[in-house]
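Undergrad: Protein chains in written order, with the numbering used here: chain S, 1 to 235; chain W, 1 to 235.
The hints are simulated quantities; they were obtained by calculation from the structure and are not laboratory data. Nothing here was measured: the structure is a model prediction, and the numbers come from that model. Don't take each hint at face value.
[As the list claims (entries may be wrong)] Stretch by stretch, here's where chain W covers chain S in the computed footprint (C-beta under 8 Å, at least three residues):
1) 67-75
2) 124-131
[Claimed, not checked] 27 Å max Cα-Cα, derived BS3-like pairs, lysine-lysine:
3) LYS95/W / LYS154/S
4) LYS106/W / LYS121/W
5) LYS73/W / LYS20/W
6) LYS28/W / LYS5/W
7) LYS5/W / LYS154/S
8) LYS5/W / LYS20/W
We put the beta carbon where it would ideally sit given N, CA and C, even for glycine.
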Amino acid sequence: MTESWFSLIQQAFGLLFSLDPNTWSIIGVSFNVSLAALLITLIPSLILGFVLAFARFPGRWTVINLVQTLQSIPTVVIGLLAYLLLTRMGPLGDLRWLFTQKGMILGQMMICAPVLIAMSQAAFTSVDRRAWETSRTLGASWLASVWVLCRELKAPLLMAIVMAFSRIVTEVGCSMMVGGNIMFVTRNIPTAIALETSKGDFAQAIALGLVLLILSLLLNFALGTLRGRSEPRSH
Amino acid sequence: MVQLKINKLCMQFGDRLLFKADALQFAKGDTIFLQGDNGTGKTTLMKVLAGLIPATSGELVWQGQTHTKWWQKSPQLGKLVYLHQHPYLYEGSVKYNLSFAGRHQKMSGKLLAQRVDAAAKMAGLEHLLDANASNLSGGERQRLAIARAWVIQPDLLMLDEPVSNMDKESRRLVLEMVHTLKRQGTGLLVSSHQTCGITALCRQTWQIENQRITSGPFNTEQGSVQEESLHVITS
Numbered sequence: 001m002t003e004s005w006f007s008l009i010q011q012a013f014g015l016l017f018s019l020d021p022n023t024w025s026i027i028g029v030s031f032n033v034s035l036a037a038l039l040i041t042l043i044p045s046l047i048l049g050f051v052l053a054f055a056r057f058p059g060r061w062t063v064i065n066l067v068q069t070l071q072s073i074p075t076v077v078i079g080l081l082a083y084l085l086l087t088r089m090g091p092l093g094d095l096r097w098l099f100t101q102k103g104m105i106l107g108q109m110m111i112c113a114p115v116l117i118a119m120s121q122a123a124f125t126s127v128d129r130r131a132w133e134t135s136r137t138l139g140a141s142w143l144a145s146v147w148v149l150c151r152e153l154k155a156p157l158l159m160a161i162v163m164a165f166s167r168i169v170t171e172v173g174c175s176m177m178v179g180g181n182i183m184f185v186t187r188n189i190p191t192a193i194a195l196e197t198s199k200g201d202f203a204q205a206i207a208l209g210l211v212l213l214i215l216s217l218l219l220n221f222a223l224g225t226l227r228g229r230s231e232p233r234s235h
Numbered sequence: 001m002v003q004l005k006i007n008k009l010c011m012q013f014g015d016r017l018l019f020k021a022d023a024l025q026f027a028k029g030d031t032i033f034l035q036g037d038n039g040t041g042k043t044t045l046m047k048v049l050a051g052l053i054p055a056t057s058g059e060l061v062w063q064g065q066t067h068t069k070w071w072q073k074s075p076q077l078g079k080l081v082y083l084h085q086h087p088y089l090y091e092g093s094v095k096y097n098l099s100f101a102g103r104h105q106k107m108s109g110k111l112l113a114q115r116v117d118a119a120a121k122m123a124g125l126e127h128l129l130d131a132n133a134s135n136l137s138g139g140e141r142q143r144l145a146i147a148r149a150w151v152i153q154p155d156l157l158m159l160d161e162p163v164s165n166m167d168k169e170s171r172r173l174v175l176e177m178v179h180t181l182k183r184q185g186t187g188l189l190v191s192s193h194q195t196c197g198i199t200a201l202c203r204q205t206w207q208i209e210n211q212r213i214t215s216g217p218f219n220t221e222q223g224s225v226q227e228e229s230l231h232v233i234t235s
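Can you make the complete structure from the sequences, with help from the hints?
TA: Structure representation (structure tokens):
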């Protein structure tokens, strides 16, 4: 690294503010893929979290443990699994999704779902039973009461969403394996940072790192504000 | 006549029998004092009657309708309202909580606004409409909970230890509100392990003793009636 830190950071800001097409294409791919994966997974995962928290059925304990285990599996292993599913010989090979954004979305869904399910289950388990009973006895429908619970639990549920999004927007293993790091198609922020750093092009890596850093700060400040407004409940 | 009939009701937790009752009736206009020592199942009975938890066996007939299948909505929800000993107030303002039931029962905006104002005045909370409900004192919370139920004018109302740990002024206001409900014809089932101003309004008693629920007339002279109750009743 021959250039000074100051010069690199200056170049990084230059890339961002000059709307450099390569840099912004990478940022666009990252957000497209990760937001799509999050949005597709969100509702089913919250429903599953709700069911795991309240329903009692045979195998519940196994499902909960399985979900918790999936949370901690390295993304590269999930990438390998997604690759094996999407490869020509794999069960989803006919979809031809390998090295496409759709394939990356599938992989990120597999990473994001366990986080959302486990964290929403923990949130629903912690809810005061009286919130549900009060809503029902006052005549709210079953679905409306679920919405009331989600409203009461907005801080922990938003935390789950932020954590899930953070995990997928920063993961490199799965995106690299399933996406293939193709410029303008599947190259996202983490795979680009890995590539540019290995090439010695630190300016773009820093620019992309800054985007993730700013995103992280914004999300955490937003959550902090929300938590600050939620006053402690007295019974 | 709006009424709930109870036939051969039995509640068990595992092998432990909590209570059983052959035949009971709770109708509009009734005022029933539910008596029993701690742990005899007064709260559980009220939740069963409200349709919040299922009984182990037996039949609840609400206006000729029986709730037999777990996926069916209990017909008494929203009409037979159960109030917790420690009420649950939703995150938000006093006004939000007061309008909660009306919104979920699709009450017209104008009627709801009128009822909310009247309820706030009755509960002595009109100056706190925009305050956060989580900042209310114990007595204010209980008054808000009763006012919240009053907004939808339920046919039957069940109060679980309504004046426990409450100061004299709050007890007086709660008693006035309950008395107003009684005058309007709302059936009342009041649980308490001791007599108080509200129980003095009762004309019947349900006694849980030796795991059996028996009914009979209630004479206010059976217990020591507090001065405040006599004042409200005679005023």
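Undergrad: Which of the listed hints are broken here?
TA: Of the numbered hints given earlier, those the structure breaks are 1 and 7, listed in rising order.
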